[in-house]
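Trainee: Take a look at the letters that make up each chain.
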Amino acid sequence: MAMDVNGVSIETDEEGFLVNLSDWNPDVALELAKGESIELTDQHWEVINFLREYYDEYQIAPAVRVLTKAIGKKLGPDKGNSKYLYDLFPYGPGKQACKIAGLPKPTGCI
Amino acid sequence: MSDDMDFEEGGAVKKFMFVNRKAPYGTVYALEGLEVVLISAAFDQDVSLAFVDDGVFQLVKGQKTDGVEMKNFSPTYRALEGYDIEKLYVERESMEARGLTEDDLLVDVQIMSAAEMGDMMAQQDVVISF
Chain Y
22 MAMDVNGVSI ETDEEGFLVN LSDWNPDVAL ELAKGESIEL TDQHWEVINF LREYYDEYQI
82 APAVRVLTKA IGKKLGPDKG NSKYLYDLFP YGPGKQACKI AGLPKPTGCI
Chain A
89 MSDDMDFEEG GAVKKFMFVN RKAPYGTVYA LEGLEVVLIS AAFDQDVSLA FVDDGVFQLV
149 KGQKTDGVEM KNFSPTYRAL EGYDIEKLYV ERESMEARGL TEDDLLVDVQ IMSAAEMGDM
209 MAQQDVVISF
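Sequence order for the protein chains is Y and A.
Heads up, this note's numbering is the position in the first sequence plus 21, with the first residue counted as 1.
Heads up, this note's numbering is the position in the second sequence plus 88, with the first residue counted as 1.
Calculated directly from the structure, the hints in this document are not laboratory data.
Note that the Cβ used here is the ideal one computed from N, Cα and C, for glycine as well.
Cross-link-like lysine-lysine pairs, in silico, DSBU-like; alpha carbons within 35 Å at most: (1) Y/Lys104 with A/Lys175; (2) Y/Lys100 with A/Lys149; (3) A/Lys102 with Y/Lys116; (4) A/Lys103 with Y/Lys94; (5) Y/Lys90 with A/Lys149; (6) A/Lys152 with Y/Lys90; (7) Y/Lys90 with Y/Lys116; (8) Y/Lys116 with A/Lys175; (9) Y/Lys116 with A/Lys152; (10) Y/Lys116 with A/Lys103; (11) Y/Lys94 with A/Lys152; (12) Y/Lys116 with A/Lys159; (13) Y/Lys126 with A/Lys149; (14) A/Lys159 with Y/Lys90; (15) Y/Lys116 with A/Lys110; (16) A/Lys152 with Y/Lys126; (17) Y/Lys100 with A/Lys175; (18) Y/Lys126 with A/Lys102; (19) A/Lys149 with Y/Lys94; (20) Y/Lys90 with A/Lys110; (21) A/Lys103 with Y/Lys126; (22) A/Lys175 with Y/Lys90; (23) A/Lys102 with Y/Lys90; (24) A/Lys149 with Y/Lys116; (25) Y/Lys95 with A/Lys159; (26) Y/Lys90 with A/Lys103; (27) Y/Lys55 with A/Lys159.
Derived, one-sided and incomplete: chain Y residues facing chain A with beta-carbon distance under 7 Å: (28) Tyr79; (29) Gln80; (30) Ile81; (31) Thr128.
Derived contacts from chain A toward chain Y, CB cut-off under 8 Å, selection only: (32) Leu126; (33) Pro163; (34) Tyr171.
Chain A extracted, bound-state conformation:
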């Protein structure tokens, strides 16, 4: 992980990973993280998203938020493809611990083990956790 974020013109493309660890509602982390990801798309960097711990709940189909009076922003994850953000990684252990399978998720993702996720994080220039 590097500290210098170089957005200068002609600067090298860096690998950015945004790690989502929290449930979608109850805190503002998931929504804020998603907005940062959408903005990051404008900088033409190599962006990926990781979903671990309760963060996997962000991708679950059929979210209904009327009861908590918050906007259901889960459809926005399906817009990521249009922003050329196509690397979505979900940690298998987190998913299985919550009784979820790939069929429960609203976007196409790559499932990987915690060890593989660790390797993936080690390859990044910048890892930002929400």
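The shape of chain Y in the complex, shown without the other chains:
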């Protein structure tokens, strides 16, 4: 599959994850979010940017449990909990937020 962002064709896999992680930019994120019917707010971007930093440092997309804990550590307990993250990303902060952030599907995520 492919989607068009600013006239550039971006390839995605059958689940909508980027094939080439280097294709990501904020406009690509907006397009990916549109496919998930999510309108990105500052709160979404905070999680997306966190995920991109995590991936940059560890080269993996974190498991939801690990993400939740790490967000809590960095952004505070009011954000490091399942309810907050699922409100932002209803189909799962692991899968949906990673997709919009241009990361691969988290290891062990079905």
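Add chain A to chain Y, keeping to what the hints say.
Mentor: Just chain A now, with coordinates in the frame of chain Y:
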């Protein structure tokens, strides 16, 4: 070592050791082993990792994989702490035979002799080798 892997709800926590014996690139064992370890973290078991033979190379700092066109996944070992996997054991003999010291490794580990490693393996319920 036990054959029955009991993941039933309320089941007892078992001691799992993943033994890494191979160099990080050239075969897929190291990467696959690491992925299994990350997944195992979801089952709330008592997980440890052992690095012996060429497996100690998996933890060496400064890996550059451009030449072999494989992803450098060594930074992922530093994520293990966040997964509550903190028991990393390195066999001293394997490390020294390869001219390495603890300072060459990218994560905090416990160094132990081959004999101590053997004892550690004997205490496990499940030992899985990669």
